[in-house]
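Visitor: If you read the sequences in order, they're chains A and B. What the first sequence shows, in our numbering, is residues 105 to 282, in sequence order. What the second sequence shows, in our numbering, is residues 105 to 282, in sequence order.
Hints were generated in silico from the structure; no laboratory data involved. Among the hints, erroneous ones may be present.
Note that the list lumps identical chains together, so a pair holds whenever it fits in one copy or between two copies.
Listed below are the simulated DSSO-like cross-link pairs for lysine-lysine, each with C-alpha atoms no more than 30 Å apart in a straight line [to be verified]:
| id | residue 1 | residue 2 |
| --- | --- | --- |
| 1 | Lys277 | Lys161 |
| 2 | Lys278 | Lys264 |
| 3 | Lys277 | Lys200 |
| 4 | Lys201 | Lys161 |
| 5 | Lys197 | Lys277 |
| 6 | Lys221 | Lys161 |
| 7 | Lys277 | Lys238 |
| 8 | Lys278 | Lys163 |
| 9 | Lys221 | Lys264 |
| 10 | Lys161 | Lys267 |
| 11 | Lys277 | Lys163 |
| 12 | Lys161 | Lys193 |
| 13 | Lys223 | Lys264 |
| 14 | Lys163 | Lys200 |
| 15 | Lys201 | Lys163 |
| 16 | Lys223 | Lys163 |
| 17 | Lys223 | Lys161 |
| 18 | Lys200 | Lys223 |
| 19 | Lys200 | Lys221 |
| 20 | Lys197 | Lys238 |
| 21 | Lys264 | Lys235 |
| 22 | Lys197 | Lys267 |
| 23 | Lys278 | Lys239 |
| 24 | Lys278 | Lys235 |
| 25 | Lys278 | Lys238 |
| 26 | Lys267 | Lys221 |
| 27 | Lys239 | Lys221 |
Protein chains: 2
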Amino acid sequence: MNLMDEGIVIVYTGNGKGKTTAALGLVLRSIGYGFRVVMIQFIKGEWHYGELISSEKLKPEFEMIAAGKGFVGIIDDDHDFNEHVRAAKQALKIAKKKIESGLYDIVILDEINYAIKLKLILVEEVIDLIKNRKKTSVVLTGNYAHSQIIENADLVTEMKSIKHPYKKGIKAKKGIDF
Amino acid sequence: MNLMDEGIVIVYTGNGKGKTTAALGLVLRSIGYGFRVVMIQFIKGEWHYGELISSEKLKPEFEMIAAGKGFVGIIDDDHDFNEHVRAAKQALKIAKKKIESGLYDIVILDEINYAIKLKLILVEEVIDLIKNRKKTSVVLTGNYAHSQIIENADLVTEMKSIKHPYKKGIKAKKGIDF
Chain A
105 MNLMDEGIVI
115 VYTGNGKGKT
125 TAALGLVLRS
135 IGYGFRVVMI
145 QFIKGEWHYG
155 ELISSEKLKP
165 EFEMIAAGKG
175 FVGIIDDDHD
185 FNEHVRAAKQ
195 ALKIAKKKIE
205 SGLYDIVILD
215 EINYAIKLKL
225 ILVEEVIDLI
235 KNRKKTSVVL
245 TGNYAHSQII
255 ENADLVTEMK
265 SIKHPYKKGI
275 KAKKGIDF
Chain B
105 MNLMDEGIVI
115 VYTGNGKGKT
125 TAALGLVLRS
135 IGYGFRVVMI
145 QFIKGEWHYG
155 ELISSEKLKP
165 EFEMIAAGKG
175 FVGIIDDDHD
185 FNEHVRAAKQ
195 ALKIAKKKIE
205 SGLYDIVILD
215 EINYAIKLKL
225 ILVEEVIDLI
235 KNRKKTSVVL
245 TGNYAHSQII
255 ENADLVTEMK
265 SIKHPYKKGI
275 KAKKGIDF
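In isolation and in its complexed conformation, chain A is listed as follows:
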């Protein structure tokens, strides 16, 4: 089996900056060829709106769907956890539809690794999803990529934080982080 005849599976994981950013870079690169790309957010941070503005310029090749709701706190989250589960499940449903449609060259599942880690969705559901990809390449971002995801991926890069300005008390920067 030659993997080039089907979509490949790419994982960007790790604790460093650049995971979603690299996925956005794939968008920029691939739409140059007229590829159709959709990015689905599984866990929406509050500072992801920069991409939404840019993506308008890249229509109709690039679509962005923010299905996740709010940001899931690790320990003391005041929001309703079930609401996050519902949002992630909805994102998964959309992802399934997009991948099965065969209309997209690349489907990006943003922060899906973290959604699995938080048990918002099951890893088995995601494995099923990527196994049914056919010619669509699938990109999975987010820290804590599950071992089964890595096993089923073709390309895995760990973004490792070597130095992080926000540890020094510097806030996230517009245009860089969001």
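Once you've looked at the hints, dock chain B against the given chain A.
Guide: Okay, now just chain B, sitting in the frame of chain A:
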């Protein structure tokens, strides 16, 4: 000193995929805010033309300058090494001009870390460059980032290859790699 009043220095290094790609993601994200961004290639690979096509869509906010020439082989390179030195020096000159102009929000120096490693340019010249950045953020990509570069950076991410399809004999994929 608050780093937010001046441009920050970002480094994407490591042996994994996603360094230049993440820089392109910053382009996509930042032009959404009307930021002006320029990307200067210090070592041009043969498969980097995808970005050039896409960048047309993102004009005039995004500019792309390919000053590097060819690909530098590590051991047995038939090309003239001096020609690569000349190209990298030219890229550095352009970078200096762009950063000093104060017209850009982000200047991306693509593969500059590798150009330093290959001794095409001196690390001291690059340190001077980033020290004069004022409000311009500078992004340096390429493996083997010099310790002095890391020392002078605010944000450093190592892209570490965990799994790479090309080790299995699969060729680079259009829209993903180039």
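Visitor: Next, verify each hint and record whether it holds.
Guide: Here is how each hint holds up against the structure:
1. Within a single copy, Lys277 and Lys161 get their C-alpha atoms as close as 22 Å, and across copies as close as 24 Å, so both meet the 30 Å cut-off.
2. Taking the shortest Cα distances, Lys278 and Lys264 sit within 30 Å of each other both inside one copy (22 Å) and across copies (26 Å).
3. In this homomeric assembly, Lys277 and Lys200 come within 30 Å of each other (Cα to Cα) only across copies, at 23 Å, whereas the closest approach inside a single copy is 33 Å.
4. In this homomeric assembly, Lys201 and Lys161 come within 30 Å of each other (Cα to Cα) both inside a single copy, at 24 Å, and across copies, at 28 Å.
5. In this homomeric assembly, Lys197 and Lys277 come within 30 Å of each other (Cα to Cα) only across copies, at 28 Å, whereas the closest approach inside a single copy is 32 Å.
6. In this assembly of identical chains, the alpha carbons of Lys221 and Lys161 never lie at most 30 Å apart, being 33 Å within a copy and 37 Å across copies at closest.
7. Taking identical chains as interchangeable, the C-alpha atoms of Lys277 and Lys238 lie at most 30 Å apart only when they sit on different chains, with a minimum of 15 Å there against 38 Å within one chain.
8. Proximity of Lys278 and Lys163 under a CA criterion of 30 Å is satisfied in both settings, with 22 Å inside one chain copy and 20 Å between copies.
9. Taking CA atoms no more than 30 Å apart as the test, Lys221 paired with Lys264 passes in both settings, with 18 Å inside one copy and 21 Å between copies.
10. Taking CA atoms no more than 30 Å apart as the test, Lys161 paired with Lys267 passes in neither setting, with 32 Å inside one copy and 33 Å between copies.
11. With identical chains, the CA atoms of Lys277 and Lys163 are at most 30 Å apart both within one copy (25 Å) and between copies (23 Å).
12. Taking the shortest alpha-carbon separations for Lys161 and Lys193, only the intra-copy value of 29 Å comes in at or below 30 Å, while the best inter-copy value is 34 Å.
13. Within a single copy, Lys223 and Lys264 get their C-alpha atoms as close as 23 Å, and across copies as close as 26 Å, so both meet the 30 Å cut-off.
14. With identical chains, the CA atoms of Lys163 and Lys200 are at most 30 Å apart within one copy only, with a shortest distance of 21 Å there and 34 Å across copies.
15. For the identical chains of this complex, Lys201 and Lys163 are intra-copy neighbours only, at 20 Å inside a copy versus 33 Å across copies, given an alpha-carbon limit of 30 Å.
16. Proximity of Lys223 and Lys163 under a CA criterion of 30 Å is satisfied in neither setting, with 33 Å inside one chain copy and 42 Å between copies.
17. In this assembly of identical chains, the alpha carbons of Lys223 and Lys161 never lie at most 30 Å apart, being 35 Å within a copy and 39 Å across copies at closest.
18. Proximity of Lys200 to Lys223 under the C-alpha cut-off of 30 Å is restricted to the intra-copy arrangement: shortest distance 18 Å within a copy versus 48 Å between copies.
19. In this assembly of identical chains, Lys200 and Lys221 lie within 30 Å of each other by CA distance solely inside one copy; the values are 19 Å within and 44 Å between copies.
20. Taking identical chains as interchangeable, the C-alpha atoms of Lys197 and Lys238 lie at most 30 Å apart only when both belong to the same chain, with a minimum of 17 Å there against 46 Å between chains.
21. In the homo-oligomer, the alpha carbons of Lys264 and Lys235 lie at most 30 Å apart both inside one protomer (28 Å) and across protomers (25 Å), since each shortest distance falls under that limit.
22. Taking the closest pair of Cα atoms, Lys197 and Lys267 come within 30 Å of each other only across two copies (28 Å); inside a single copy the shortest separation is 37 Å, beyond that limit.
23. In the homo-oligomer, the alpha carbons of Lys278 and Lys239 lie at most 30 Å apart only across protomers (13 Å), although the nearest pairing inside one protomer, at 35 Å, exceeds that limit.
24. In this assembly of identical chains, Lys278 and Lys235 lie within 30 Å of each other by CA distance solely across copies; the values are 21 Å between and 37 Å within a copy.
25. In this homomeric assembly, Lys278 and Lys238 come within 30 Å of each other (Cα to Cα) only across copies, at 17 Å, whereas the closest approach inside a single copy is 37 Å.
26. Taking the closest pair of Cα atoms, Lys267 and Lys221 come within 30 Å of each other both inside a single copy (24 Å) and across two copies (20 Å).
27. Taking the shortest Cα distances, Lys239 and Lys221 sit within 30 Å of each other inside one copy (27 Å), while across copies they are farther apart (38 Å).
Violated hints, in rising order: 6, 10, 16 and 17; the structure is consistent with all others.
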